[in-house]
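S.K.: If you're matching them up, the sequences are chains A and B in order.
All the letters of the first sequence, read from the start, carry residue numbers 877 to 1111 under the working numbering.
All the letters of the second sequence, read from the start, carry residue numbers 284 to 719 under the working numbering.
Each hint should be verified, as a subset may be incorrect.
Which residues of chain B face chain A? A partial, calculated answer using Cβ under 7 Å [stated by the list, open to error]:
(1) Asp299
(2) Val301
(3) Ala302
(4) Ser303
(5) Ser370
(6) Thr388
(7) Pro467
(8) Leu468
(9) Gln470
(10) Phe476
(11) Phe621
(12) Arg690
(13) Gln693
(14) Ile698
(15) Ser700
(16) Pro703
Simulated from the structure, these hints should not be mistaken for lab results.
The beta-carbon is built from N, C-alpha and C at its ideal position, and this holds for glycine as well.
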Amino acid sequence: MVVAVEKKFLVDVTYNGVTKPIEVRPEERVTALLAQAIASFGITQNPHLLSLYREDGTVVPENESVEQAGLKPNQLLLLRPNAVKGGEGNLLRLGSNIVTTSVDVLRSCGRGACECVVYWTGPVGEDVADAVDHPAHLRSAFGYEIDSNWLTQFWKRLAAARRGVKAQVHTHPAEAFHSATDDRWPIVSQAGFLSIVIPDFAEGESTLERAWIGRLQSNGTWQELASAAEALVVA
Amino acid sequence: MIGTDALNRMILLCRDCVASELSDEQIAQAFHQMRVLCVADRTNLSCHSAQTALVTLVSLLSRMGMQVELRIPEVAMRRAQPPFNGSEIRTALISASKRLVPHATIASAAEGNAADIVFSLGSSEVDCGTVPVWRMSGADWSGSIHSAGGERTPMWTTEWPIGGMVSAVLAANEAFKFAMRRLPLRQTSDEIFFEPATACSWDFGALSLPANGSIDLGRVDFISGGAITQAALYVLTRLAGAKMQGRVLDDDRTALSNLNRNMLSMVEDVDVSKVDVIVSRCSAHFPLEPVPQRFEPSRGTTIQLAPRVIVGVDDIPSRWAVQREAPGWVGVGGTSHFSISSSSHAMGGPCSGCLHPLDDPDQRNPIPTVAFVSFWAGLSTAVRLIREALGSAYPGERQHLWLTPLRLDQRHAAIWSPVPPLRNCPVRCAASRSVA
């Protein structure tokens, strides 16, 4: 007879000085534990700013499972604000070919007539973008629409490889700016996410000199940055 | 109608939990209506630690807008207690009535007892019927409170004042929670944060003081003239034998909304430069130089920082800037809603950038805080400076303290931790560069 063993265990989460046990499963994502802790304490004020910390001062990575994060039964975790989520991120370090590759793709796909988009991806937990992903999409001079099947496979592929989307880069027919649609529908809605808009269907120089660059804030608004140097550095 | 401007940061903090429909006036009223009786007899009030405990408690209560009544004898002050003037403690406190925060009175207690809660120092006798009473006590580096009726509290004889200030801030926390329990909360699950403690204590860790009683803090720069700096200097001015040459950097003027937490400021200081207020209040203790400007190297500020720096500024990029330029030890104190963060950073070790790696845009909005939380941040950071000066800095596993005073009676309300070096440290400190 096969007996299924439930591997649930309790961790102690402390918030505002009060400690509560939270039940977790090893395969559960830390994000689920975090959400459970936030719900358990009934936190409604800026819950997106909270993270879990170990007693050694390290933050528990949210992209990992409870098991991968090394959490043990009865381990004490501190639930407290993490400015990492506050919006203003570290410099994103780009592989040396990322900008030119992106512009080449945007230019060849758009052919001077259509908008196009690429995503910069990199390892989860690192401020690094080392690959360019070009989605399957419908296109016109006025916008683009990502193929939903491609998007599903994209997310699966990223999750398996422990990678994430660091920035989205798309083109406009003329002026570079963030439209209301751009504001509302970034591929990632997490504070700190970068969006870059390249003018003239990327027909100009292969740089970000004339690009619009913005960072998503914790309140959902986009902060326009004065230059690429405020957000990006070529590694 | 009462003014709420002086309490607006505390009201903002209360809004973390109180029912949304409450007006600012209703929240302020709950605190203004609080009557707190402080009791001490001559024997217990004769030592500097107990005097400091009383003065600190009265100050914290008043800065929350509460009405304070004193049942104490007139006793000569053992040592000056800025911002209070005078040589006798009762007169000094009463003369500060409505001057710490408008509408917050400090008066001798009338016959009978109409107080909501009572605090009694040491073994001072108190009989207030069914009114909640907490007894306060303090040792050199630790303080505690416990509900009357429990164990007997010893007579207060300590001179070193840190434990006295600990007991005061523990007591002020109970007063705050009492007021909060009178307000409807947004959700019942938050009630646990405001439950009273029957006993509560805190210990910064025993440390031997020099035999000659002298502590040379050296040259110290204070970045910001706000609540953390004022609390730290409030603490340091109470240390007999402490010597220091310092500077305070800030370009801001005192606002009415600062009075709820700026421990060296009074109503008459509104619109006066913060650095001038601080320097004038500390002049009898330390030679401090006012520097009426921000520390902004990126904007051309050229100031060679002192070997020791206390950073009380909320702006996280400013903390990075200080850390980059500091030639030696850096102590950082800050608050986040009901919690405080205090850390120290020696040369070569993980820096404040490793601990606070990214900016928090929320810090640019009015910051919710309350007197006793800000005071905890300044007190714990001042203790770090004292320990550093005495050559007994906390070990690495205590480099950071995250403390939530509301339920300090709970086991995990304060957590000491190391500061791990961070590969993406914005300061690019030496410790971060060593991370593979």
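S.K.: A separate judgement is required for each hint: does it hold in the structure or not?
M.R.: Against the structure, the hints:
no., hint, in the structure
1, Asp299, "holds (5 Å)"
2, Val301, "violated (12 Å)"
3, Ala302, "violated (12 Å)"
4, Ser303, "violated (10 Å)"
5, Ser370, "violated (39 Å)"
6, Thr388, "violated (31 Å)"
7, Pro467, "violated (15 Å)"
8, Leu468, "violated (10 Å)"
9, Gln470, "holds (5 Å)"
10, Phe476, "holds (5 Å)"
11, Phe621, "holds (5 Å)"
12, Arg690, "holds (4 Å)"
13, Gln693, "holds (5 Å)"
14, Ile698, "holds (5 Å)"
15, Ser700, "holds (4 Å)"
16, Pro703, "holds (5 Å)"
This entry does not satisfy hints 2, 3, 4, 5, 6, 7 and 8, going by the numbered hints stated previously.
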